[in-house]
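Engineer: Here are the chains, one letter per residue:
Number of protein chains: 2
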Amino acid sequence: MPAMNAFYAQSGGVTAVINTSACGVIETARKHKSRIAKVYAGRNGIIGALTEDLIDTSRESAATISALKNMPGGAFGSARYKLKGIEENRAEYERLIEVFKAHNIGYFFYNGGNDSMDTAHKVSQISETLGFPVTTIGIPKTVDNDLPVTDNCPGFGSVAKYVAVSTREAAMDVMSMAETSTKVFILEVMGRHAGWIAAAGGLAGEKPADAPHIILFPEVPFRQQAFLDRVKDCVEQYGYCVIVVSEGAQYDDGRFLAEAGTRDAFGHAQLGGVAPVIAQMVRDNLGYKYHYAIADYLQRSARHIASAVDLKQAYAVGREAVKLALSGKTAVMPVITRVSDSPYRWKIEAAPLQKIANKEKMLPKSYIRKDGFGITAAGRRYLEPLIAGEDYPPFIKGLPKYPTLKNVRVKARLNNKFMV
Amino acid sequence: MPAMNAFYAQSGGVTAVINTSACGVIETARKHKSRIAKVYAGRNGIIGALTEDLIDTSRESAATISALKNMPGGAFGSARYKLKGIEENRAEYERLIEVFKAHNIGYFFYNGGNDSMDTAHKVSQISETLGFPVTTIGIPKTVDNDLPVTDNCPGFGSVAKYVAVSTREAAMDVMSMAETSTKVFILEVMGRHAGWIAAAGGLAGEKPADAPHIILFPEVPFRQQAFLDRVKDCVEQYGYCVIVVSEGAQYDDGRFLAEAGTRDAFGHAQLGGVAPVIAQMVRDNLGYKYHYAIADYLQRSARHIASAVDLKQAYAVGREAVKLALSGKTAVMPVITRVSDSPYRWKIEAAPLQKIANKEKMLPKSYIRKDGFGITAAGRRYLEPLIAGEDYPPFIKGLPKYPTLKNVRVKARLNNKFMV
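Residue numbers (the working numbering), protein chains in the order written: chain V, -11 to 408; chain L, -11 to 408.
Chain V extracted, bound-state conformation:
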């Protein structure tokens, strides 16, 4: 079989390590040039395929591709763009295949979360139907850690490390000032529906007196009085109280504590601002001086404090995606299987895309303490290995040095434009 080209696209919210997966894909493909001629990347993800805006990664040096490992954000641009169902919008799928055909693309690597795995699955199906079968491999990526089957998702370990480190550091600050200043500190973290990121904050403390004293999970309906009682208790016992709150924290009727009212392209409610809601509650009911931080994008772009384990796994899923494709597999995603907790051992296996698509993995009840305000020993056993190890990017003039990509556009071969 003559070599065909590959198409790689990043999808959804980026992470500190998604470019490491890109590096894994491209470096591995370059070792198999007899099978994969070139790797094209979509400019702004799948939109690049629809608009025939492909980036020729073969124009980048080996050094630049290797340096992708140090670069947060999405090196080729990512997109929040979900293809509709095939019945609703067959034109988009046909356009994808038209572009793939025009550029001799026989491999499609889609690096994203559960929405993207759904898209990948559909592309795989329609490519068969349209008589131009494309080997389609999903590559897991999400800070939310909510993909099923895989033990964890690349991207999560680094945001988990950022949140755990930041919680511990800020707690040292608050603890030392609490006598005359701030008594309650609130850190708002990401996690729409699943409390994985908030749970990671729990790694910052080891003893009951240690911060964080309270974690507010989306999985545990918020009860104001129990919360305020616990805050008061902490301030009286320890002198201060550190709270990690998930942006998805909600009442038992499913209302978010902080619903901003706007929705993103996937139709998800756009959240933000639960920290001030909690802060005001503390002030109005207990009168304590408070401060709050909203980590927002800082947490998912913090390559400078990425987890070494996360980086290794992000690379591995990229590399294994190519190997799966070359071994003839399609419509699968490499997943991380945990072999043991301590010492932490893991391996990569393959799971069918349809098992991943559109499913969310919630934080198991067994990881949440009975009082609902912290993590259990089981939760710690799960989380701890994922934040292990440091792998700092190179610095120059005090700042992380990132590669500058040429991102050269592949010459268009189609005459027709396609509007997204």
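Hint data in this document are derived by calculation from the structure and do not stem from the laboratory. Where hints are given, some of them may not hold.
Remember, identical chains collapse to one label, so a pair may be satisfied in a single copy or spanning two.
Unchecked claim - Straight-line alpha carbon distances no greater than 25 Å define the calculated DSS-like cross-link-like pairs of lysine-lysine that follow:
#1 LYS72 x LYS277
#2 LYS195 x LYS389
#3 LYS195 x LYS385
#4 LYS300 x LYS389
#5 LYS72 x LYS347
#6 LYS405 x LYS70
#7 LYS70 x LYS277
#8 LYS311 x LYS335
#9 LYS385 x LYS335
#10 LYS394 x LYS195
Based on the hints, put chain L in the right spot on chain V.
Structural biologist: Chain L alone, transformed into the frame defined by chain V:
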């Protein structure tokens, strides 16, 4: 002269490197045991002196004292507690001297900002008046970088590095997603009256297209229309816009964009929440999708990304404070004098406390770009050396390892209690 004890206290908001100054004081004092018998630290700063709650640092091992260099927060507790004028509250000053006398304390090292230098100066004066002269040395500390005379303040370089690194990282994220998602990202940073920290965000970019595209300084009266025009311009030209806003950003009548209405122990307005104000302005007038982060305490406790230059200087001012005391100086503060920008060279000199007390150093106009939205080449020349170098703390299980201090209380020698 027989050896006397020293008293060391931390004051005001802590920094990522204030414990490094403590380390400089204690390690240097330990080399001169014939002159300085023991270093006592105030539990919760000056309050520890008033309440006779002194910590005996001689009970800590050399390894623990050395590890203070890796520890954010205030190892002995800090306080927002300003002694009033001598006429208003002579009792507090007399109490300090009473405690110093009872514990044979002949040296007072006060590690803080301009309010604290005022207190130190007064203590120095009253100790003479009361016939128990105490050698009093200030040690500069403030993330705000607003102390006069000294070229920069220990604590600032690290928060500057945090803000510059975070701005650069978050910008990579936003840039890669802007096509279909967030177009405007706002990072709120500290800096009540002086825009030093916000200015540091400017180091993240080098070319006009680079983030941050807008910095909002307290020194530049906020003009809404000019701001919105610039946001629109950036989104149209670059596809996205990154804004670094100082918590102290204000209108030309001095009103803060986000005045919370509460005041701290020093009588300063407690700020926070300018980012959502800016975000709403962008949404209402331009309709762009936005995100914002509020760094709050994360920025000043981020020991994991502290500046190596800052750590060196924080240590040096602690060390030189002891040397100044031993050389017979009093009522002075070690200051950092810049010898050259590039290569960056600096030395420590001494300045009288009364030149430091209660004065604020604003960001010079020459560091602010003419349009008011960025830093100049001169500003960059000043700021760049201060964030240079990394000096990571040790990590264990994925988290920074900090020393555990015994913080043993010195046996009280006075019968009377003192209420603060």
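Engineer: The structure should be examined with respect to each hint, and the outcome stated for every one.
Structural biologist: Here is how each hint holds up against the structure:
no. : hint            : verdict
1   : LYS72 x LYS277  : between (48 Å within a copy, 22 Å between copies)
2   : LYS195 x LYS389 : between (38 Å within a copy, 15 Å between copies)
3   : LYS195 x LYS385 : between (39 Å within a copy, 15 Å between copies)
4   : LYS300 x LYS389 : both (20 Å within a copy, 23 Å between copies)
5   : LYS72 x LYS347  : within (16 Å within a copy, 62 Å between copies)
6   : LYS405 x LYS70  : within (19 Å within a copy, 69 Å between copies)
7   : LYS70 x LYS277  : between (44 Å within a copy, 18 Å between copies)
8   : LYS311 x LYS335 : within (14 Å within a copy, 57 Å between copies)
9   : LYS385 x LYS335 : between (38 Å within a copy, 21 Å between copies)
10  : LYS394 x LYS195 : between (50 Å within a copy, 17 Å between copies)
Consistency with the previously given hints is maintained throughout, with no hint failing.
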